[in-house]
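Line by line, the protein sequences are chains A and B. Using the numbering used here, the first residue of the first sequence is number 867, and each one after it goes up by one. Using the numbering used here, the first residue of the second sequence is number 30, and each one after it goes up by one.
Simulated from the structure, these hints should not be mistaken for lab results. C-beta: ideal position from N, C-alpha, C; glycine also. One thing to keep in mind: the hints can contain errors.
Simulated pairs of lysine-lysine, BS3-like, Cα-Cα distance not exceeding 30 angstroms [unchecked claim]: (1) A:1148 to B:149; (2) A:1008 to B:133; (3) A:1146 to B:149; (4) B:133 to A:1009; (5) B:198 to B:149.
What follows is a list of derived Cβ distance ranges for each label pair [to be verified]: (6) B:75 to A:924: 50 to 56 angstroms; (7) A:914 to B:280: 32 to 38 angstroms; (8) A:1091 to B:322: 52 to 58 angstroms; (9) B:150 to A:986: 41 to 47 angstroms; (10) B:271 to A:1178: 39 to 45 angstroms.
Listed below are several chain B residues computed to face chain A (Cβ distance under 7 angstroms; list not exhaustive) [to be verified]: (11) 112; (12) 132; (13) 151; (14) 182; (15) 185; (16) 209; (17) 221; (18) 335; (19) 354.
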Amino acid sequence: MTAPTTEAEDAPAASWASVRGGAGDRIFSGAALLAGLSILAALAGVFIFLAIKGVTGFTKPAEVYGPHAESFVGYVVPLLVGTFTASIIALIIAVPLAFGIALVISHYAPRWIAAPVAYVIDLLAAVPSVVYGLWGAFYLAKKLVPMHQWLHDHLGPIPVIGHLFGEPSPAGRTLLTAGIVLAIMILPIITAITREVFSRTPRLHEEAALALGATRWEMVRMTVFPYARSGMVSAVMLGLGRALGETMAVTMVLSVGFDLSWNVLATSSPTSIAANIALKYKERSADLLNVLVATGLVLFLLTFLVNFLARWIVGRSERRMAR
Amino acid sequence: MSTLEEVSTRVHVSLVQPRLPRQAPAITGVIAVALGALMLVLGMGVVGAIVLAVVVYIVALPLWSLAIEGRRSATDRLMTALIWSAFGVAVVPLVSLVWRVVSKGAGRIDGTFLSYSFFKTQIDQPVGIYHAIIGTLLITLGATIISVPVGVMAAVYLVEYGKGNKLAKAITFLVDVMTGIPSIVAGLFAFALFTLIFGPAYVSGIGGSVALSLLMIPIVVRATEEMLMLVPDELREAAYALGTPKWKTIVRIVLPTALGGILTGITLAISRVIGETAPLLLIAGATDRTNMNLFDGAMTTLPVLIYGQNLRGDAPAEAIAWGAAFILIVIVMVLNLAARIVGKIFAPKKG
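Please work from the sequences and hints to get the whole structure.
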């Protein structure tokens, strides 16, 4: 390292040139590394603290689990059923809509429409969950009562599916309503990801299909969907992860009960894990809190697994595309 | 003569399939709308009429196409109609929700609503949500102060130092997974952490900040990371060539270049967590008084207040809930708008 030929006009400039890899560099890179590691620590911390606080919740005496269950398994299974039922209803509604909107944005709409459409969908994501809950509880639930009745009248008598549409609730605060609110909430994330992968389809593939005489839908089916398949799968998984953990919509919309039934229109249905925590945390009895944290740990592991799989599928396909 | 006629008929065999006129979708649309309007006049509900019009359009256009153009075009037209109506269906709840919040909430807003708290010192004192606005701002500020340095520095590590090593890959992956942590789990984490340290029945605003920052950090990391990767390598190389140490290159060259995008990302992250309810319910509690101290005692935020009013369920409580929801949505929208403006102002100058 030679000294600068011309003497620098001020001191900092001189130190810029002469102290390469000095203390500043070491401190800064150390700080950056620390920040990176703190993210790992935070994730580990979530698991560790939930485990410390919740581990006793798995094996409490029977009376802690309340009037409806005697063991942790008995307590958590109805909640899991509620969680998954609401999430699956949400997925059934949200996935086709999200794929449709993503196609509108990426392939169907001219650009001057596509940008505002994308912005409107992002606005859906910006609305706080508690406002969705308020809207669902005070407005949507009442509006859906006729639909509940219609579903019960027309689909109720069908042998197998009929069990899903039993006696409808007069207030409309059912698993189906909660699922619909959840669907609106997870729509933006599924749309955002699928839109991204749809628009990454190679232009040449699309043009080749069109040149061979394919209609626009055939072009989408033969070039866009195969190319985007793994992205679509992982978008659905991420939407599922969001729906599993969403708290307020279910808490505020659903009227809670513990009767395990397949009726998604019932007056009282098992609630979801997240909603159960939000509803019960106030009874700050130490035993019940441990149980709630334990159910939270179950939820954490569940969503972690779903998200992990989703990201893994994306990562794998990206590597395949790169090759 | 007869052979000539044969030839001329052969010549006129069309090489292209018959197509519907260009205005076919518009014509079908007008007919469908007219039918819907007719049913509306005849006493059908608004929702029913709209659904009918859409269904008529979705059925009629493909059938017409099937008769003239054939199966493949009919499928194409059907899918186009379905895909566009998917967008229409998604807009309905958004419009309904915004309309509901504005029509019910805007009327409740006045000077006293924004400047008084729930805590009454006199019998006839007006009720307001001042305490919740203060709580929301303080807790979100706390979360921002925690998340921004950690998030930005982590992104710096990922892009500038870790480029492609195993640790950086693991962190990137886990940040992605972390974006999916349910908010209630973040709340439980803060709850478990603080009650283990400070004993049971502990509530404070800072606990809420910790929970929110767990949700906010991954968003900040992702946004910053993307922006840093957009900074051209030529800038870095030019700085190195002048003998600038790496850290100074990052602080003076790379971060300022990406500043607009980073600020946009941070603002969007704030707007995402400011509406969180579940974690604050668990750890920040609720109170009727205005609490200015993040480190001591319960702190109400707007979402928690809305939830509490929803639980009470009587008419005045419902009005307060809609009013608070209106304020919350306004705050979120202003933040979103600010994010766009900030991004434009600080965007690196071209050329």
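Check: So which hints don't hold here, by number, going up?
Finding: 5, 12 and 13
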